[in-house]
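Chain order of the listed sequences is A and B.
With this note's numbering, the residue at position 12 of the first sequence is 12, and numbering never jumps.
With this note's numbering, the residue at position 34 of the second sequence is 34, and numbering never jumps.
Treat the hints as calculated values from the structure; they're not laboratory data.
Among the hints, a few may not be true.
[Stated by the list, open to error] Computed list of lysine-lysine pairs in BS3-like fashion (alpha-carbon distance at most 30 Å, straight line):
| hint | chain 1 | residue 1 | chain 2 | residue 2 |
| --- | --- | --- | --- | --- |
| 1 | A | Lys-66 | A | Lys-51 |
| 2 | B | Lys-18 | A | Lys-51 |
| 3 | A | Lys-71 | A | Lys-51 |
| 4 | B | Lys-18 | A | Lys-71 |
| 5 | A | Lys-10 | B | Lys-18 |
[Unchecked claim] Counterexamples of contact, computed for chain B against chain A with all Cβ distances above 10 Å:
| hint | residue |
| --- | --- |
| 6 | Ala-12 |
| 7 | Trp-30 |
| 8 | Ala-74 |
| 9 | Glu-77 |
| 10 | Val-96 |
| 11 | Cys-106 |
| 12 | Leu-123 |
The beta-carbon is built from N, C-alpha and C at its ideal position, and this holds for glycine as well.
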Amino acid sequence: MTEKPHPRHKLDEIIHSPVRLSIMATLAAAGETDFRFLREALEISDSLLSKHVSQLEASGYVNVVKGYVGKRPSTWYSMTDTGRAAFTRYRVTLRHILGERGPTSEDSPDEEIIG
Amino acid sequence: MSVSEESLEPDAAMARIKHAEMLVRSGRRWRAASFAAVGLVTMGYFAVMGGVRYAQSGLLGMVMTLVPTLAVVAMMEILGKRRAVQGRQLLHTEYVLAGAYAGLTCVAGILAVLLPHPMPAALSGVAPGVACFIGSWRAARR
Chain A
1 MTEKPHPRHK LDEIIHSPVR LSIMATLAAA GETDFRFLRE ALEISDSLLS
51 KHVSQLEASG YVNVVKGYVG KRPSTWYSMT DTGRAAFTRY RVTLRHILGE
101 RGPTSEDSPD EEIIG
Chain B
1 MSVSEESLEP DAAMARIKHA EMLVRSGRRW RAASFAAVGL VTMGYFAVMG
51 GVRYAQSGLL GMVMTLVPTL AVVAMMEILG KRRAVQGRQL LHTEYVLAGA
101 YAGLTCVAGI LAVLLPHPMP AALSGVAPGV ACFIGSWRAA RR
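Using the sequences and the hints, build the whole thing.
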């Protein structure tokens, strides 16, 4: 008899880190946001934020756009479609682990991944 | 809630998601409220200004000219202390609205002095007020 693996194993490891989860949650709620807002919201250093955003970008979860506000350089982040789908799956799995109700209107109905 | 590199329990992960959502909502509400407050102050200012001019109150009239400036300074102070989400589209909209507000306030100020009746002078403040309410609506919208 084979037991089903615990749902925590289905948590996306790229998202399941305190900093990266906070970045993804903020971008999911905000849409597009700039570097300063993220840094101040997460209360972390520039380098730590850059490091984790780079990992998310490399995974195709976050889109990075560099530009200028007047003469001041600025960087904006937004979630890609892949990132949004991954974050939705992550939330569904999390709810399942916590024994909460199934997908809500925030989650796409076809994103249920728990078998 | 600052973040660290520690491992993450599921309930802590959910709390982190809810905290991020709350932070974004709160920043958005503050920004929207600040724009609305400046709009109300501006419209109230021009409404009173129309009457003050006809009361020939020189000193009060001079003090009144500072009101829109103080309203904008107060808004900048509030926004500086509580940062809100600033995507490129919203940033562009805010720049356009700030320019429109400055221009319309100048025009309204000139009209308030030139117009012969208190009511049109008071109504001249509606346009800059509306610019602020549009800003408030845009800031509140996702």
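Structure-based check of all given hints:
The straight-line distance between the Cα atoms of Lys-66(A) and Lys-51(A) is roughly 16 Å, inside the 30 Å bound, and the hint therefore holds. Pair hint Lys-18(B) plus Lys-51(A) holds up; C-alpha atoms about 23 Å apart against a cutoff of 30 Å. Note on Lys-71(A) and Lys-51(A): the hinted pairing holds, with a Cα-Cα distance of about 25 Å set against a maximum of 30 Å. Proposed proximity of Lys-18(B) and Lys-71(A) is contradicted: the alpha carbons are some 35 Å apart, above 30 Å.
Taking the CA atoms of Lys-10(A) and Lys-18(B), the gap is about 21 Å. The hint holds against a cut of 30 Å. Not every beta carbon of chain A lies more than 10 Å from that of Ala-12(B), the smallest distance being close to 8 Å; the non-interface claim is violated. At roughly 13 Å from the closest C-beta of chain A, the C-beta of Trp-30(B) stays outside 10 Å, upholding its exclusion from the interface. Non-interface status of Ala-74(B) relative to chain A is upheld: no Cβ of that chain comes within 10 Å, the nearest being about 21 Å off.
No Cβ of chain A approaches the Cβ of Glu-77(B) within 10 Å, the least distance being about 17 Å, so the stated non-interface status holds. At the 10 Å boundary, the C-beta of Val-96(B) stays outside the reach of chain A, the nearest C-beta of that chain being 14 Å off. Residue placement check: Cys-106(B) keeps its beta carbon more than 10 Å from all beta carbons of chain A (closest about 22 Å). No beta-carbon of chain A is positioned within 10 Å of the beta-carbon of Leu-123(B); the least distance is around 35 Å.
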